[in-house]
Each structure stands twice: as C-alpha cells, then as structure tokens.
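Chains as they are written, first to last, in my numbering: chain A, 1 to 98; chain B, 1 to 489; chain C, 1 to 495.
Heads up, a few of these hints could be off.
As the list claims (entries may be wrong) - Derived lysine-lysine pairs resembling DSS-like cross-links, with alpha carbons at most 27 Å apart: (1) B:Lys210 with B:Lys133; (2) B:Lys198 with B:Lys391; (3) B:Lys82 with B:Lys198; (4) C:Lys289 with C:Lys264; (5) C:Lys464 with A:Lys89; (6) B:Lys223 with A:Lys89; (7) B:Lys391 with B:Lys298; (8) B:Lys391 with B:Lys367; (9) B:Lys82 with B:Lys118; (10) B:Lys82 with A:Lys89; (11) A:Lys5 with B:Lys82; (12) B:Lys82 with C:Lys352; (13) A:Lys5 with C:Lys246; (14) C:Lys349 with A:Lys89; (15) B:Lys82 with C:Lys349; (16) C:Lys246 with C:Lys53; (17) A:Lys89 with B:Lys198; (18) B:Lys323 with B:Lys118; (19) A:Lys5 with C:Lys349; (20) A:Lys89 with B:Lys133; (21) B:Lys176 with B:Lys367; (22) C:Lys263 with C:Lys464; (23) B:Lys82 with B:Lys133; (24) B:Lys133 with C:Lys464.
If you are wondering where the hints come from, they were derived from the structure by calculation, not from laboratory data. All values derive from a computational prediction rather than experimental measurement.
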Amino acid sequence: MSISKEEVRRVSMLARLEIDENEIDSLTEHFSSILEYFNALQELDLEGIDPFVMEGVEGTPWRDDVTLQWNERSSVLSESPCSDGDFFKVPRILGEEG
Amino acid sequence: MKTDFSPVIGLEIHVQLNTLSKLFCPCSTDYIGTVPNTNVCPVCLGLPGTLPVLNGKVVESAVRTALAIHCRINDATRFHRKNYFYPDLPKAYQISQYDLPVGEEGYIDINTEDGSSKRIGIIRLHLEEDAGKLVHAAADGRLAGATSSYVDYNRAGVPLAEIVSAPDLSSPAEAKEYVSRLRQLVRYLGVSDGDMEKGSMRVDANISVKCSDGRWGNRTEIKNMNSLRAMERGLAYEIERQSGILEKGGTIVQETRHWNDAQGITLSSRSKEEAHDYRYFPEPDLPPLFLPDGYVEKMASTLPEMPWIRESRFIRDYSLPEKDVAVITENPDLADLFEECVSGGASPERTSNWIRTEVLRVIHERKIPVSEFPLSSSVLAELIALIDSGKVSNTAAKEVFECILQTGVTIDEALVRCEVQAGGISGSRLENIIREILQNNVPVVQTIRAGEDKKGKKGKFLMGLVMRETRGQADPREVREMLSELLGQ
Amino acid sequence: MKIMSYHNMSAASVARKIRSGEFSVSDIVRACLECIGNMDGTLNALITREDQKALQRAAFLEKAIASGEDPGPLAGVPVIVKDNMCTRDIRTTCASRILADWRPPYNSTVVEALENAGAVILGKSNMDEFAMGSSTEHSAFGPCRNPWDTERVPGGSSGGSAAAVAAGYVPLALGSDTGGSIRQPASLCGIYGLKPTYGLISRYGLIAFASSLDQIGPFTRNVEDLALALNVLAKPDHRDSTCSRKARPDYLEALETGSLSGKKVGLVKEFRNYRLPPEISASVDRILKILQEAGAIIEEVSLPVTMTSGLGAYYIIAPAEASSNLARYDGVRYGLSAEADDLLSLYLKTRKAGFGSEVKRRILTGTYVLSSGYYDAYYLTAQKVRQIITREFAEAFSRVDTLIMPTSPSPAFRIGELVDDPIQMYMMDVFTLPVNLAGLPGLSLNGGYSAEGLPLGVQMVGPKWGELEILSMAHVIERELGPAPIAPGGVTDEN
Numbered sequence: 001m002s003i004s005k006e007e008v009r010r011v012s013m014l015a016r017l018e019i020d021e022n023e024i025d026s027l028t029e030h031f032s033s034i035l036e037y038f039n040a041l042q043e044l045d046l047e048g049i050d051p052f053v054m055e056g057v058e059g060t061p062w063r064d065d066v067t068l069q070w071n072e073r074s075s076v077l078s079e080s081p082c083s084d085g086d087f088f089k090v091p092r093i094l095g096e097e098g
Numbered sequence: 001m002k003t004d005f006s007p008v009i010g011l012e013i014h015v016q017l018n019t020l021s022k023l024f025c026p027c028s029t030d031y032i033g034t035v036p037n038t039n040v041c042p043v044c045l046g047l048p049g050t051l052p053v054l055n056g057k058v059v060e061s062a063v064r065t066a067l068a069i070h071c072r073i074n075d076a077t078r079f080h081r082k083n084y085f086y087p088d089l090p091k092a093y094q095i096s097q098y099d100l101p102v103g104e105e106g107y108i109d110i111n112t113e114d115g116s117s118k119r120i121g122i123i124r125l126h127l128e129e130d131a132g133k134l135v136h137a138a139a140d141g142r143l144a145g146a147t148s149s150y151v152d153y154n155r156a157g158v159p160l161a162e163i164v165s166a167p168d169l170s171s172p173a174e175a176k177e178y179v180s181r182l183r184q185l186v187r188y189l190g191v192s193d194g195d196m197e198k199g200s201m202r203v204d205a206n207i208s209v210k211c212s213d214g215r216w217g218n219r220t221e222i223k224n225m226n227s228l229r230a231m232e233r234g235l236a237y238e239i240e241r242q243s244g245i246l247e248k249g250g251t252i253v254q255e256t257r258h259w260n261d262a263q264g265i266t267l268s269s270r271s272k273e274e275a276h277d278y279r280y281f282p283e284p285d286l287p288p289l290f291l292p293d294g295y296v297e298k299m300a301s302t303l304p305e306m307p308w309i310r311e312s313r314f315i316r317d318y319s320l321p322e323k324d325v326a327v328i329t330e331n332p333d334l335a336d337l338f339e340e341c342v343s344g345g346a347s348p349e350r351t352s353n354w355i356r357t358e359v360l361r362v363i364h365e366r367k368i369p370v371s372e373f374p375l376s377s378s379v380l381a382e383l384i385a386l387i388d389s390g391k392v393s394n395t396a397a398k399e400v401f402e403c404i405l406q407t408g409v410t411i412d413e414a415l416v417r418c419e420v421q422a423g424g425i426s427g428s429r430l431e432n433i434i435r436e437i438l439q440n441n442v443p444v445v446q447t448i449r450a451g452e453d454k455k456g457k458k459g460k461f462l463m464g465l466v467m468r469e470t471r472g473q474a475d476p477r478e479v480r481e482m483l484s485e486l487l488g489q
Numbered sequence: 001m002k003i004m005s006y007h008n009m010s011a012a013s014v015a016r017k018i019r020s021g022e023f024s025v026s027d028i029v030r031a032c033l034e035c036i037g038n039m040d041g042t043l044n045a046l047i048t049r050e051d052q053k054a055l056q057r058a059a060f061l062e063k064a065i066a067s068g069e070d071p072g073p074l075a076g077v078p079v080i081v082k083d084n085m086c087t088r089d090i091r092t093t094c095a096s097r098i099l100a101d102w103r104p105p106y107n108s109t110v111v112e113a114l115e116n117a118g119a120v121i122l123g124k125s126n127m128d129e130f131a132m133g134s135s136t137e138h139s140a141f142g143p144c145r146n147p148w149d150t151e152r153v154p155g156g157s158s159g160g161s162a163a164a165v166a167a168g169y170v171p172l173a174l175g176s177d178t179g180g181s182i183r184q185p186a187s188l189c190g191i192y193g194l195k196p197t198y199g200l201i202s203r204y205g206l207i208a209f210a211s212s213l214d215q216i217g218p219f220t221r222n223v224e225d226l227a228l229a230l231n232v233l234a235k236p237d238h239r240d241s242t243c244s245r246k247a248r249p250d251y252l253e254a255l256e257t258g259s260l261s262g263k264k265v266g267l268v269k270e271f272r273n274y275r276l277p278p279e280i281s282a283s284v285d286r287i288l289k290i291l292q293e294a295g296a297i298i299e300e301v302s303l304p305v306t307m308t309s310g311l312g313a314y315y316i317i318a319p320a321e322a323s324s325n326l327a328r329y330d331g332v333r334y335g336l337s338a339e340a341d342d343l344l345s346l347y348l349k350t351r352k353a354g355f356g357s358e359v360k361r362r363i364l365t366g367t368y369v370l371s372s373g374y375y376d377a378y379y380l381t382a383q384k385v386r387q388i389i390t391r392e393f394a395e396a397f398s399r400v401d402t403l404i405m406p407t408s409p410s411p412a413f414r415i416g417e418l419v420d421d422p423i424q425m426y427m428m429d430v431f432t433l434p435v436n437l438a439g440l441p442g443l444s445l446n447g448g449y450s451a452e453g454l455p456l457g458v459q460m461v462g463p464k465w466g467e468l469e470i471l472s473m474a475h476v477i478e479r480e481l482g483p484a485p486i487a488p489g490g491v492t493d494e495n
C-alpha cells in the first residue's frame with residue numbers, strides 16, 4: 001500500500017513543514033516503505049484490546065490551588081526572536097489560522 | 001403556501017473557573033488589567049521540557065458544576081491533546097478532554113415564554129485550558145488588515161469548563177433563558193463570575209432551521225457573541241438568514257460565522273476548504289484523572305441550594321410574586337441578604353421591596369459586589385422592622401438609610417442626625433411644633449378661629465405645614481386632633 | 001604534562017577521594033577539561049563546553065567542603081549531560097538549528113539533582129537531533145565519532161554522552177532513551193547504559209521527543225556508578241505527573257548480591273530470527289554462562305508479537321507524539337525565527353530551516369498517523385499492539401526474573417553507512433524499542449567484541465521497577481568480566 005504525493009503535501013501543510021518538490025519523491029517512497037510495517041499490524045488479532053488501559057495505573061497527581069509568581073519572564077521576552085515590549089509579536093495573520 | 005421555519009439551537013458555553021492558579025501551573029489566573037506576559041511561567045509558556053500538573057481545585061469546581069447540572073460523573077477520565085497552530089496557543093496544542101469528560105448526560109430546566117418548564121439536555125461538561133490573548137495592530141483592532149498581532153499569554157492555561165448542550169433550544173429567548181440559568185448557577189456555586197462582557201463566560205451557538213415541509217438546513221456555528229443581548233440578536237439574525245435561503249430553495253453552507261455586533265450581521269469566517277483536523281490523541285504527560293472513593297458524594301454535599309429550588313421556596317414560604325423573586329435570587333449573595341434580613345425580623349414583602357430598589361440601586365451606583373454592600377443584614381433588618389412596626393415612615397427610613405451609607409454610623413446615631421424620632425413625633429414634641437407653626441401663621445389661624453375657613457383649605461394648609469415639618473414622622477390623625485384642639489375647634 | 005590521571009577512576013571513587021581530600025575538585029575538573037580539549041576536536045562528543053562555569057563550580061564546592069558541608073554522594077564528580085536536558089543559562093540545542101542559541105531560564109530536575117549531589121557539569125553532549133536517530137549523525141553540529149574507531153558511529157541518539165564516558169572524559173554522563181538511545185550507544189561504545197522503568201526518573205526539563213517513551217538514564221563504566229546515579233536521580237518529582245510517587249530502594253544494595261541461585265533468566269529466542277554476526281550470539285552465550293555459573297537457571301522465552309511488531313508500533317507512536325511535541329517550534333517565542341511577512345510564512349520558513357531531514361520525516365509520519373481517517377488504522381492499532389507487547393513481557397516475567405538478548409543487531413557501523421537509509425537505521429533499535437513500549441527497565445553491558453574488535457553489548461531487561469534485579473545480575477557479571485575499559489581512542493595516561 002502506498003501513499004500519494006497529494007497526501008504527503010496535505011500532511012506537510014498540516015504539520016506546517018514546507019517540503020520541496022525534490023524532497024517529495026523520496027518522502028513518498030519512505031512513507032510507502034514504512035507503511036508496510038504499519039499495515040502488517042492490522043493482521044494481528046486485536047479483538048477486545050483496550051488501547052488505553054487505566055487499571056493499575058498511578059493516577060495523575062493533584063496540585064493545591066496556590067499561586068507562585070515566576071520572576072524571569074523578562075528574560076524570555078528579551079531572548080525571544082519576536083518580542084515588542086511586553087508582548088510577543090507575530091506578523092500578519094492571513095486566514096483563520098496561521 | 002408559506003413554509004414555517006423552526007430553529008434548532010445548541011450552545012457551547014465556556015465557563016472560566018475562578019481558581020487562584022491556572023489549570024496546569026501555579027501562575028495566577030488574575031489576568032484582567034495586568035501587564036502582559038507577567039502571570040506566566042515556563043509551563044504555561046510551553047517552554048521546551050516543561051510538563052503540566054493538574055490543579056485539584058479545578059477538579060472540585062468541575063465536578064460540583066457537573067453535579068449541579070445533573071450530569072453523571074465519570075470516576076476515571078483523561079485528557080487529550082487538540083493540535084493546531086495559532087500564536088495564542090503556546091504548545092501548538094490545547095490540553096482538553098475528548099472521549100471521557102468529567103460529566104455527561106445532564107440537563108437544566110428553563111422557563112419558556114408561555115410560563116411552562118422545558119428541559120434542556122446537556123451532553124457533557126469537560127475541562128480544557130484557555131489560550132492567550134491576541135491583540136491585532138489595526139485601527140479597528142480586528143484581524144483583517146492588521147500588519148502584525150501581539151500576544152499576551154497571561155490568560156494561557158486558565159481553566160475552562162466547557163458545557164455542551166443538546167440542540168434542544170428552539171428560540172433566541174430560550175437560549176437567553178438557558179444562558180441566564182447557567183450564569184446564575186455558576187455564581188451560586190461560586191465557581192465563576194459568569195460574566196460574558198468580562199469573558200469569564202463565552203457562548204458559541206450551533207444553529208440550523210427545520211422547515212415545515214420536512215427539509216432541515218445544515219447547521220452553522222456562530223461565534224463572537226459577547227453579551228446576552230448580542231447572542232439574542234445574533235441568533236435572531238441567523239435564523240432569518242437561514243430561513244431566507246431555505247425559502248428560496250437554497251442550501252445552507254455548513255461553516256463557522258462570526259457575529260458582527262456593529263453591523264448586526266453574521267459573517268462567514270475566512271475558513272479553509274477543509275475542516276480543522278485536530279488530531280486528538282490522549283495526553284501522554286498526564287496519567288488518568290481518578291476521583292477517589294467518596295469524592296463525588298463529598299462534592300455533592302458541598303452544593304448550595306440550587307437557584308431554582310431557592311426560587312420556589314421563596315415564592316412558597318414568603319408569598320412573594322415570581323417576578324420579584326427572580327430579581328432577588330438572581331444573585332446568591334442578594335438572596336442570602338434577603339433571608340438574613342427576614343430572619344432578623346424584617347417583613348418579607350418590605351425586605352423584597354428594599355432589596356430590589358434601595359440595595360440594588362446602591363450596588364449599581366457604586367459598582368460593587370453584593371458582598372461589599374455597606375450595611376450589614378442586621379442593620380438593614382432593624383431599619384426595615386422599624387417601618388414594619390410603624391415607628392418610622394418609609395420616607396424617613398430612606399433618609400436614615402442614606403445617612404448610614406454616607407457616614408457609616410449606627411442606626412440610633414443616624415436617627416438622631418436625621419432628626420427622626422423612632423416612634424414618630426407625637427405628644428408634647430408634636431405640640432411644640434404645632435404651636436410654633438401656629439405662631440408663624442397668625443393670619444391663617446385667625447381666619448380659622450373666626451370660622452371663616454368654610455372649605456377647610458386653611459386647615460389643610462396648616463396640616464401640610466405640620467406634616468412637612470415633621471417629615472412624615474407624625475401620625476396624621478394625632479396631628480389633626482392636636483391642631484383642632486389648639487385651634488380651639 | 002598531565003595534571004592528574006583520573007580516567008580509570010569510577011564516579012564512586014572520585015567522590016570518595018574528594019571527600020578524603022586526596023585531590024581537590026579543581027584538580028580533577030582541570031584534568032578532565034584538558035583531556036576534552038585534546039580529544040574532542042576529533043570525537044566531537046560535546047556541543048557545548050562550559051569550562052569557566054565548571055571551574056567556578058569547583059571553587060564553590062571546595063569552599064563548601066572546607067567549611068565542613070557534606071558535598072553529596074557525587075562530590076566533585078565531573079559529568080556530562082545530553083543536550084536535550086535543560087541547563088539554566090547554558091545553551092540547550094537538542095542538536096538542532098531550531099534551538100541553536102536557546103538558553104533555558106530553568107534547570108531540569110536531573111540537573112538540579114546532580115548539582116545537589118555535588119557533581120560538576122562540564123558540558124552538553126552531542127546527539128541525534130531531538131533524540132531521533134541511532135548514530136548521532138543527524139546533528140546540526142556534525143557527527144560524533146566512536147572512540148573505538150573514529151570512522152564509525154558511537155550509536156545514538158545519546159552518542160555524545162556514550163563517547164564521552166567510553167573515551168574517559170568523565171566517569172558519568174546522562175543520556176535519554178526513547179527506543180534504545182542509551183542502550184544502543186552503550187553497546188556500540190562498550191560501556192554500561194541503563195534506561196530505567198518509565199516514571200522512575202523525572203522528565204521535567206527533558207526536551208520531549210515521545211512523552212510516553214522518553215526516560216533519562218546514566219552511562220558509566222561500572223555497575224556501582226549506575227547504582228549511585230540512580231540513587232541521585234530516581235526520586236519523585238511534583239513537576240512531572242508521570243513520575244512515580246512510589247518509594248525508591250537504595251540501588252547500592254544490588255552490589256551485595258552473591259549467588260544467583262533461585263533466579264531464572266529468560267533468553268528471548270526470537271533474536272535468532274535476525275541475521276546477526278556470529279559474535280553477537282557468542283556474546284549473549286558468554287553472559288548466559290556467567291549467570292548460570294552464578295546459580296541462575298536459563299530458560300528460553302518467546303515474545304512473538306513483541307519481536308515482529310514492535311518496530312511498526314514504535315514508529316507509529318513515537319513520531320505521533322513527536323509531531324505534537326515539536327509543533328511548538330514556530331519561531332515566535334524562542335529559537336530560530338525566519339524573516340516573514342505573514343504568520344504562515346513564519347511557521348513554514350522557520351520549521352523548514354530549523355529541522356533536519358530525519359526530524360522532518362518523523363514529524364510527517366506522526367502527523368499522518370494521527371490525522372483524520374488514519375487515527376484508528378494506525379495510532380489506535382499501534383497502541384493496542386503496545387498492550388499486547390506489554391502483556392507478553394509481563395507474562396514472561398511471571399516465569400523469569402530477567403530477560404537477555406543482544407542490545408543491537410550490529411556493532412558500530414561506519415559513519416555515512418546507514419544515514420541515507422532511514423528504515424535500515426530504524427532496525428538498529430529492533431531489540432531495544434520494545435522495552436520502551438512496555439515501559440520496562442533495561443541495561444546494556446559489554447559482552448564481547450566483534451571480529452574487528454568492536455564492542456558488542458548484551459541487553460538485560462527487568463520487570464517494572466526491577467532495577468535492583470538487573471543491577472544485581474550486572475554486578476555478578478562485572479565481578480567476572482571487570483568494569484568497562486576505556487576505548488583505545490580515549491584518554492590514556494599520556495594524553
């Protein structure tokens with residue numbers, strides 16, 4: 001089973017990863033190979049198996065509702081590639097989502 | 001033949017929970033009016049290597065809310081990642097819940113326009129983290145045409161409870177009722193301000209229209225309705241828009257639309273051809289959320305009297321009209337004040353009036369919450385009781401009220417300052433006042449004594465003077481008797 | 001002239017000698033820095049060296065010791081930390097262009113633990129970008145070389161840390177292991193590498209690759225140091241919700257093991273289905289013999305689904321989680337940021353310039369298997385297979401105390417040999433990645449040498465929380481074979 005170049009392009013947009021035309025071929029090939037391993041999994045008997053078992057698992061711990069002020073936000077802003085005073089700044093947003 | 005169109009509306013309401021710290025980190029949730037990017041830390045900024053840790057108080061608020069809307073609580077739930085790219089989402093995914101929310105299959109009963117009760121189903125209540133805030137650098141602050149945008153992550157990570165209703169609402173008015181109920185509820189529970197203008201309660205609607213000829217239009221999602229009024233108008237507009245299209249035989253495009261309050265219309269968002277692919281998968285950084293044995297029962301025991309129960313009780317026990325009760329019980333603190341006054345000896349009816357007029361007036365004027373109302377319930381009760389027993393007139397009591405508000409003195413001191421006699425002005429005090437008035441109005445007195453006041457106008461005039469002088473604190477009967485006596489009639 | 005000869009000392013003995021005053025912290029730190037200076041031009045095991053900071057810290061520790069303070073169990077021990085673990089104000093790059101200049105404003109928990117125990121961090125080690133790889137060739141800072149043969153890879157993704165310990169730079173280095181990234185380099189470099197049970201050591205500050213698989217662990221040249229490192233690092237941490245709150249034992253107890261009578265060791269038979277150099281089987285047999293002589297009973301164990309389907313399940317789950325974990329690198333808040341007129345261009349250009357080809361491959365694979373229409377067939381299926389694998393291991397451990405199989409299907413391969421054949425590269429982890437899927441502890445120890453004289457690692461897997469079990473057996477083996485040697489290309493008395 002293989003994957004089409006269109007699929008690869010769709011996925012790359014979803015991941016915000018631009019790929020060149022010369023990369024598309026090798027990527028499509030790579031995917032087709034790895035998909036063989038993935039598809040082989042379908043042959044196993046997976047009947048009745050709960051993929052996200054909760055039994056015997058240590059539950060997530062809870063924190064007390066106490067506030068803490070982190071004092072180093074200024075270094076994050078000053079180190080940031082895109083900051084403007086107290087804000088992070090991004091260029092024009094065209095469309096619903098960037 | 002004209003087709004009838006009946007709206008089918010479901011609402012998704014995001015309630016900001018008022019815990020002190022954020023959902024997954026100890027930053028403060030108090031973001032309104034703060035300097036941007038000050039209530040942030042490596043976790044809510046999503047810095048590489050950081051991990052979420054769940055706030056137990058959020059669990060409490062979520063479970064209590066879910067119980068109050070009659071949900072079945074899931075003892076074991078989990079979090080999911082909702083993946084998408086946008087600058088206000090620091091990790092490029094939002095930690096939310098997907099297949100196992102905190103609560104499911106609940107309901108709220110609302111009053112419909114014809115006075116009957118209607119049950120609105122609630123599909124689920126789940127937890128998720130809020131995103132940061134984007135400010136667009138354009139003249140009108142809107143996205144279109146902005147050359148850049150500014151991001152503030154103070155709000156990122158604030159806990160939200162999302163409540164999804166079934167599509168059981170049939171009109172903008174019902175939607176308004178539903179939202180008002182929920183708003184009242186979260187205030188009663190003390191889990192949120194429920195303030196749409198401030199953003200602590202946000203409403204998105206899914207709306208479609210059914211035609212009487214059997215056709216059912218696609219549904220659209222309406223966002224950006226930032227007040228109850230905007231929501232009513234937005235829904236009304238959308239119903240008309242969809243009905244118009246269907247009447248002409250067209251189809252509704254399934255899409256997201258934004259309500260533009262200024263223009264009074266919904267506008268299609270610039271969406272891509274494909275729907276969002278959020279690639280939900282269970283959050284691997286958070287093991288399952290297990291509610292300990294007995295936890296749900298314990299939370300249930302902390303629930304206050306539900307607003308609808310309180311309303312029925314007020315109507316029944318205090319014999320008050322529904323309209324008035326609705327106002328008093330709108331806010332739980334106000335309802336508490338009412339009950340405290342009544343148990344402090346004030347009459348229910350008069351207390352109801354005073355709460356709805358004087359108390360609410362002060363609260364709105366001073367823009368304070370009920371909890372900051374300057375008079376204690378015992379002082380208010382005492383004052384109202386004085387009117388009840390006839391010792392002080394309503395007018396005089398209002399003066400005393402104002403006096404206490406301005407100066408903060410005790411009732412007794414205020415009575416003195418306002419020259420209000422508890423028990424009214426009578427006996428020798430009244431006599432002195434009347435004598436003084438008679439002395440100052442000799443010609444009128446002479447006319448009366450001469451028997452010339454045929455129509456009693458002069459008598460009424462004197463009566464008016466006395467009442468004005470005593471500021472309503474004298475018993476009119478006693479005044480008339482005394483005047484007669486002193487005039488020698 | 002060499003400052004001092006330290007390279008044969010274990011971490012434990014360094015700490016002892018510091019405490020007894022045999023030499024000072026500055027002595028050993030300067031000696032290490034000198035060796036590193038001489039050798040790392042060739043090996044390229046380090047991305048960032050922090051000579052100044054290390055010397056300052058040495059001075060600070062000396063003062064503390066002088067004033068009578070207890071410097072901690074790793075007193076003065078020079079260590080190296082993989083460059084995916086956040087070190088406050090010290091560049092932490094994950095060997096990626098996208099974080100090439102990023103300095104974290106906070107420390108990871110493990111770094112805090114090392115420093116509280118008195119260790120001195122000398123630098124950040126080279127790795128495959130974002131921990132994705134098995135050779136430390138996918139690094140924006142150039143490949144790392146194996147001190148056993150500098151034309152060959154040290155393994156990956158923690159190749160830099162493994163090379164540093166094998167070359168004798170330091171007695172202890174930290175790596176991370178998601179599919180074998182500690183054990184496989186340990187095998188290729190002839191040293192000990194331990195991946196603990198998932199949840200034993202805090203991941204706070206470890207820049208995530210695959211959140212449900214990543215674990216931090218130590219590289220050492222002997223078992224005592226592994227135990228010492230675990231004692232320092234294996235603690236509950238309220239900042240990591242996946243870090244177990246169970247009490248941890250004293251791992252040094254593993255050194256008290258005498259005989260292994262009553263113990264059962266399972267040999268995973270399916271490794272023979274892979275065509276391996278005969279020396280690999282021989283190294284496994286050698287280890288089994290030692291265990292047998294110590295009293296253990298050897299049994300054959302079958303893990304059919306694990307050994308055939310582990311790779312497929314892993315290469316769905318790990319890239320899926322990675323695609324989500326790496327989405328935050330968008331040029332807005334930190335790291336590389338491309339020039340762009342609009343937001344979408346910022347995202348696309350930044351990520352294109354910032355990520356290497358293997359990272360891109362995995363992000364795309366991960367995005368694909370999570371996307372609408374494919375989630376059930378791939379991601380969900382893989383998680384179900386993971387359950388089967390977990391059960392197979394659990395079932396095996398109901399009958400045996402530990403499991404043995406080779407660590408890697410190959411000794412160190414040449415630089416450039418597999419880097420353009422991703423799937424062949426993935427195969428290097430075929431024996432290690434199932435252990436991550438099941439969340440179990442595993443260690444690699446040296447079992448012999450290939451015909452070319454390259455180290456061959458043997459892997460020992462334990463049941464959940466079974467670190468004591470595998471450390472005990474490793475210690476028994478060490479008593480027979482001795483600690484791991486320094487690689488021929490490493491530090492000597494002369495250099």
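Each hint, compared with the structure:
1. B:Lys210 with B:Lys133: Violated, because 37 Å separates the two Cα atoms, which is more than 27 Å.
2. B:Lys198 with B:Lys391: Status violated; Cα separation ~45 Å.
3. B:Lys82 with B:Lys198: With Cα atoms ~25 Å apart, Lys82 (chain B) and Lys198 (chain B) stay inside 27 Å; holds.
4. C:Lys289 with C:Lys264: 13 Å, holds
5. C:Lys464 with A:Lys89: 47 Å, violated
6. B:Lys223 with A:Lys89: 25 Å, holds
7. B:Lys391 with B:Lys298: Measuring from Cα to Cα gives roughly 48 Å; hence the hint is violated.
8. B:Lys391 with B:Lys367: Not satisfied, since the Cα-Cα distance of roughly 32 Å exceeds 27 Å.
9. B:Lys82 with B:Lys118: Not satisfied, since the Cα-Cα distance of roughly 34 Å exceeds 27 Å.
10. B:Lys82 with A:Lys89: Roughly 24 Å between the alpha carbons, so the hint for Lys82 (chain B) and Lys89 (chain A) holds.
11. A:Lys5 with B:Lys82: Holds, at about 26 Å.
12. B:Lys82 with C:Lys352: 23 Å, holds
13. A:Lys5 with C:Lys246: Roughly 49 Å between the alpha carbons, so the hint for Lys5 (chain A) and Lys246 (chain C) is violated.
14. C:Lys349 with A:Lys89: With a Cα-Cα distance of about 17 Å, the restraint between Lys349 (chain C) and Lys89 (chain A) holds, given a limit of 27 Å.
15. B:Lys82 with C:Lys349: Holds: Lys82 (chain B) and Lys349 (chain C) sit about 24 Å apart, inside 27 Å.
16. C:Lys246 with C:Lys53: This hinted pair is violated, its Cα atoms lying about 35 Å apart.
17. A:Lys89 with B:Lys198: 24 Å, holds
18. B:Lys323 with B:Lys118: 18 Å, holds
19. A:Lys5 with C:Lys349: 21 Å, holds
20. A:Lys89 with B:Lys133: 12 Å, holds
21. B:Lys176 with B:Lys367: 24 Å, holds
22. C:Lys263 with C:Lys464: Satisfied, since the Cα-Cα distance of roughly 17 Å is no more than 27 Å.
23. B:Lys82 with B:Lys133: 18 Å, holds
24. B:Lys133 with C:Lys464: At roughly 44 Å apart (the allowed maximum being 27 Å), Lys464 (chain C) and Lys133 (chain B) break the hint.
Of the numbered hints stated above, those contradicted by the structure are hints 1, 2, 5, 7, 8, 9, 13, 16 and 24, listed in ascending order.
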